[in-house]
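Asker: All chains, full assembly: derive it from the sequences and hints.
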Amino acid sequence: MDKAKEMRKLRKKIEKVQDAKRFEHTLGVEYTAAALAMCHGASVEDARLAGLLHDCAKCFSDEKRLSVCEKKNIPITEIEGRNPFLLHAKVGAFLAKEKYGVENRDVLNAILYHTTGREGMSLLEKIIFVADYIEPGRKQAPNLPEIRRLAFQDLDKALLWILEDTLKYLKRSGGETDPMTELTWRYYKKDTE
0 MDKAKEMRKL
10 RKKIEKVQDA
20 KRFEHTLGVE
30 YTAAALAMCH
40 GASVEDARLA
50 GLLHDCAKCF
60 SDEKRLSVCE
70 KKNIPITEIE
80 GRNPFLLHAK
90 VGAFLAKEKY
100 GVENRDVLNA
110 ILYHTTGREG
120 MSLLEKIIFV
130 ADYIEPGRKQ
140 APNLPEIRRL
150 AFQDLDKALL
160 WILEDTLKYL
170 KRSGGETDPM
180 TELTWRYYKK
190 DTE
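With numbering that gives the first Met the number 0 applied, the sequence shown covers 0 to 192.
No lab work stands behind these hints: they were computed from the structure. There could be a bad hint or two in this list.
Per label pair, the in silico range of CB-to-CB distance [what the hints assert, rightly or not]: (1) Gly174 with Ala19: 24 to 30 Å; (2) Pro141 with Tyr186: 39 to 45 Å; (3) Ala34 with Pro141: 19 to 25 Å; (4) Glu5 with Lys170: 27 to 33 Å; (5) Tyr99 with Glu23: 30 to 36 Å; (6) Ile75 with Met6: 30 to 36 Å; (7) Lys71 with Lys4: 25 to 31 Å; (8) Glu102 with Lys4: 16 to 22 Å; (9) Gly119 with Lys2: 18 to 24 Å.
Just so we're clear, the structure is a prediction, and the values are computed from it rather than from any experiment. C-beta: ideal position from N, C-alpha, C; glycine also.
Answerer: Following this line, the structure appears as structure tokens:
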């Protein structure tokens with residue numbers, strides 16, 4: 000089967016497991032990731048695939064995410080245990096491999112780290128992280144117009160700005176911060192100093 004036909008089939012599968020709003024976001028991330036991949040010289044196919052699957056576990060209940068982690072021996076941090084919605088990336092990477100047949104480690108990592116980032120991210124991981132934040136359906140994030148422009152000029156600077164805004168938002172709102180987000184911010188911040 001050709002790649003285009005495979006993507007259409009996968010898109011239909013994802014549409015069946017997501018509500019309309021989430022699916023619209025997913026398509027926005029898929030196409031934004033493809034545009035960023037073209038701009039920055041990454042694989043457009045991999046970017047589309049990771050974008051399409053990045054939230055494949057987002058519509059699961061917290062109980063279901065916890066149950067999948069328990070049954071499949073996926074480690075859960077204390078923060079994730081208290082905030083199981085954070086597990087959608089880990090469960091999503093698991094589903095991408097086991098249910099949707101993705102074997103490409105870079106695609107799986109892009110799904111796994113699309114909310115927290117990590118030290119030493121690959122180009123594809125950065126693209127999915129940024130695309131998730133800037134896709135056209137997003138409206139609320141601060142500095143969004145500037146970050147959208149910057150993403151097509153300097154992906155690392157856009158990534159750092161997103162991390163900074165995310166950490167500021169979590170501190171202001173009193174939300175718990177995944178330590179990985181803080182580590183990622185520190186890692187990329189040192190490159191600018």
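Asker: Each hint: holds or not?
Answerer: Now for the hints, and whether the structure bears them out:
1. Gly174 with Ala19: 24 to 30 Å: Taking Cβ atoms as reference, Gly174 and Ala19 lie about 26 Å apart, which means the hint holds.
2. Pro141 with Tyr186: 39 to 45 Å: At 22 Å between Cβs, range violated.
3. Ala34 with Pro141: 19 to 25 Å: 22 Å, holds
4. Glu5 with Lys170: 27 to 33 Å: At roughly 42 Å between Cβ atoms, Lys170 and Glu5 fall outside 27 to 33 Å, so the hint is violated.
5. Tyr99 with Glu23: 30 to 36 Å: 20 Å, violated
6. Ile75 with Met6: 30 to 36 Å: 32 Å, holds
7. Lys71 with Lys4: 25 to 31 Å: 30 Å, holds
8. Glu102 with Lys4: 16 to 22 Å: Hint holds: Cβ distance 19 Å, inside 16 to 22 Å.
9. Gly119 with Lys2: 18 to 24 Å: 29 Å, violated
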